[in-house]
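Asker: The task is simple: from the sequences and hints, build the whole structure.
Residue numbers (numbering that gives the first Met the number 0), protein chains in the order written: chain F, 0 to 282; chain C, 0 to 311.
Be a bit skeptical, because a hint or two may be false.
Claimed, not checked - Reference excerpt, derived from the structure (chain F facing chain C, CB under 8 Å, subset only):
(1) Thr29
(2) Cys73
(3) Gly97
These aren't lab readings, by the way, just hints derived from the structure by calculation. Just so you know, even glycine gets a beta-carbon here, dropped at the ideal spot from N, CA and C.
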Amino acid sequence: MSDQRPPAPPPSPPLSKAKRQTNRRRFIRTALLTGGVLGAALSGFLPQIYALKKRLRPPGALDERDFLASCIKCGQCVQVCPVQAIKLADLVDGMGVGVPYIEAREQACDFSCDAVQCILACPTGSLTYIKPDFLPVRAGAALAAKPILLAKEKDAEPTLNLKERIGVARLTRPEACLAVQGKGFKGQSRGADFQGRMRHMAVDRWKPIKVADHPYDVAECDLCARECPVKGAISIETVFAPDGRKRKSPVVHEPCVGCGVCEMICPVEPTCITIEAREVWKA
Amino acid sequence: MFGWEPGKPTQISDAAKQVHELKRLTNKQDLLAVKAHMRAHEVKSTKWRNRRWATLIFANLLFVLSYWLDIQVLEGSLTASRFVGFHLIDLNSALQVMLAHKHIITNLLIGTGTVLLLWILFGGRTFCSWICPYHLVAEWAEKIHLKLAEKRLVSDQSIDRRLRTVFWILFALLALATGYTVFEAISPTGILSRALIYGPGLALLWVLALLVFEIFFSRRAWCRYACPIGLTYGVVGILSPLRVRYTLEGCFHEGDCRKVCLVPHVLDTVIKGRAVAPQVPIGPDCTRCGLCVDACPTGSLKFEVKGLSKLL
Ligand code: SF4
Ligand code: SF4
Ligand code: SF4
Ligand code: SF4
Ligand code: SF4
Chain F
0 MSDQRPPAPP PSPPLSKAKR QTNRRRFIRT ALLTGGVLGA ALSGFLPQIY
50 ALKKRLRPPG ALDERDFLAS CIKCGQCVQV CPVQAIKLAD LVDGMGVGVP
100 YIEAREQACD FSCDAVQCIL ACPTGSLTYI KPDFLPVRAG AALAAKPILL
150 AKEKDAEPTL NLKERIGVAR LTRPEACLAV QGKGFKGQSR GADFQGRMRH
200 MAVDRWKPIK VADHPYDVAE CDLCARECPV KGAISIETVF APDGRKRKSP
250 VVHEPCVGCG VCEMICPVEP TCITIEAREV WKA
Chain C
0 MFGWEPGKPT QISDAAKQVH ELKRLTNKQD LLAVKAHMRA HEVKSTKWRN
50 RRWATLIFAN LLFVLSYWLD IQVLEGSLTA SRFVGFHLID LNSALQVMLA
100 HKHIITNLLI GTGTVLLLWI LFGGRTFCSW ICPYHLVAEW AEKIHLKLAE
150 KRLVSDQSID RRLRTVFWIL FALLALATGY TVFEAISPTG ILSRALIYGP
200 GLALLWVLAL LVFEIFFSRR AWCRYACPIG LTYGVVGILS PLRVRYTLEG
250 CFHEGDCRKV CLVPHVLDTV IKGRAVAPQV PIGPDCTRCG LCVDACPTGS
300 LKFEVKGLSK LL
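Answerer: Structure below.
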């Protein structure tokens with residue numbers, strides 16, 4: 000560019016050949032750095048284009064696009080979570096570098112914080128109780144009523160101040176489900192090495208302990224329904240198999256917020272109940 | 000500051016002219032003798048650098064410890080945090096979020112306001128040299144670069160400084176158009192801050208790539224030619240009362256200061272015959288790192304708080 004410039008006006012002498020050459024090299028380097036930085040920045044869009052991962056966001060998260068736009072990647076939500084359910088995404092998440100997500104199978108959000116602390120911590124409104132007016136609520140994402148936290152059922156204010164679900168639990172592999180097979184379960188639900196923690200109502204409603212420290216012995220598996228922190232979200236029901244025989248099976252109901260406790264606790268490997276992130280309730 | 004090369008000044012005050020004239024008249028032998036004497040008795044000072052490193056490490060450590068020991072003093076990371084309950088939000092990140100999301104909540108506004116005020120007081124780009132974790136690693140990388148340059152293994156390939164302004168505009172437009180905070184994905188400041196607090200990740204590879212580029216190719220390239228954060232805080236620094244002041248009189252114009260400076264163009268005023276007044280405040284792009292104050296053998300560069308020097 001610089002060497003094609005029209006001749007300089009008389010007062011400043013025309014550039015010498017050497018000077019022009021340095022100028023051109025400098026221009027090339029400038030272009031190089033521009034390309035490098037922009038290329039790196041724009042590569043962030045690749046995962047978006049291929050929609051690589053649908054990750055579970057913390058409770059109260061805005062819809063994905065708005066969430067990615069508004070999150071300032073500070074990690075304050077990470078800091079307040081007593082069970083450290085929230086993680087920050089890495090390079091492979093493109094535009095979502097540094098954005099929080101929950102890997103429910105490893106550590107679900109069990110509302111150990113007794114409220115929804117992560118929402119309170121968020122400085123930008125990426126996690127929020129009340130969406131601003133211009134952001135529509137997707138059909139089926141809204142909860143019919145504020146979910147009742149079983150651990151607080153007897154308190155004056157037993158609800159979680161949550162208006163939208165972050166996903167819905169689904170029995171993805173019914174054939175593997177112990178309840179469907181009529182089997183019970185004995186032992187540590189995820190083995191002795193599992194690091195995840197949970198607030199077991201049966202142990203102490205205040206203190207999350209390691210899942211491995213709380214073994215089970217049940218004649219018919221109902222771990223997912225037993226440990227679900229939200230009232231009326233899941234139950235074990237009698238259903239009819241295609242051949243007409245009676246079976247037991249976990250059934251997910253409308254109050255499910257998608258916290259992921261059922262996915263974390265399910266003793267079958269891989270889990271047969273999972274949270275579909277951003278899924279809405281379909282009656 | 001936006002990248003145009005500072006030209007030779009055309010208006011020079013009479014007082015400054017006098018000093019320039021006097022310097023020209025001084026006997027060269029005398030001058031050399033004085034210079035040699037000063038050189039011989041010079042003590043290499045690292046006073047400001049030590050203070051700065053201590054502050055930078057302390058601030059970042061406070062983030063880390065607040066999380067790991069749960070002492071809740073400074074929660075969050077450099078992009079946004081709470082200092083004993085007060086919201087603090089990095090100006091550039093806030094700007095990106097506002098542009099991308101097109102919605103601003105009160106906490107965001109409060110945090111941004113507090114930080115704006117804070118850095119107006121402390122001098123805008125002071126953030127760069129006293130807080131930004133990338134600054135510290137880049138400073139170490141610069142040392143390697145200079146060692147290699149001394150052995151003539153590498154040379155500093157300078158790049159057009161207007162590029163930084165172009166990047167600033169580009170990233171603002173990208174955020175506005177795409178609805179994503181595109182810059183945050185590659186901001187080494189954010190990546191390093193999060194890596195320190197929440198544990199390392201693959202994103203550090205990008206930071207490493209930048210450092211390699213700076214060591215082998217272009218000295219301090221990211222901070223000089225790319226980082227929009229630096230420019231944002233630079234603009235804030237225009238209003239700042241805290242700055243470095245140059246006194247023409249005792250200066251030998253050897254340029255030690257310009258050799259150590261991250262943004263040497265702000266020190267062009269120390270070139271012989273350039274200073275427009277007997278005392279010149281150094282421009283807003285200056286990061287107030289104090290390296291030049293340490294380096295100056297004649298004490299011609301000093302920190303000052305505007306207005307206060309008259310009171311004292
Ligand atoms: S609501 Fe869940 S994810 Fe959020 S802080 Fe509480 S336990 Fe953690
Ligand atoms: S607190 Fe809010 S802005 Fe900060 S990382 Fe979590 S969701 Fe993002
Ligand atoms: S069913 Fe699962 S995801 Fe839904 S509320 Fe209960 S534990 Fe959480
Ligand atoms: S915990 Fe798993 S195996 Fe047990 S009933 Fe629930 S889904 Fe079935
Ligand atoms: S220019 Fe950017 S990367 Fe460099 S020190 Fe300043 S904020 Fe940090």
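Asker: Hints first: check each against the structure and report whether it holds.
Answerer: Status of each hint after checking the structure:
no., hint, verdict
1, Thr29, "holds (4 Å)"
2, Cys73, "holds (4 Å)"
3, Gly97, "holds (5 Å)"
Taken one by one, the earlier hints all hold for this structure without exception.
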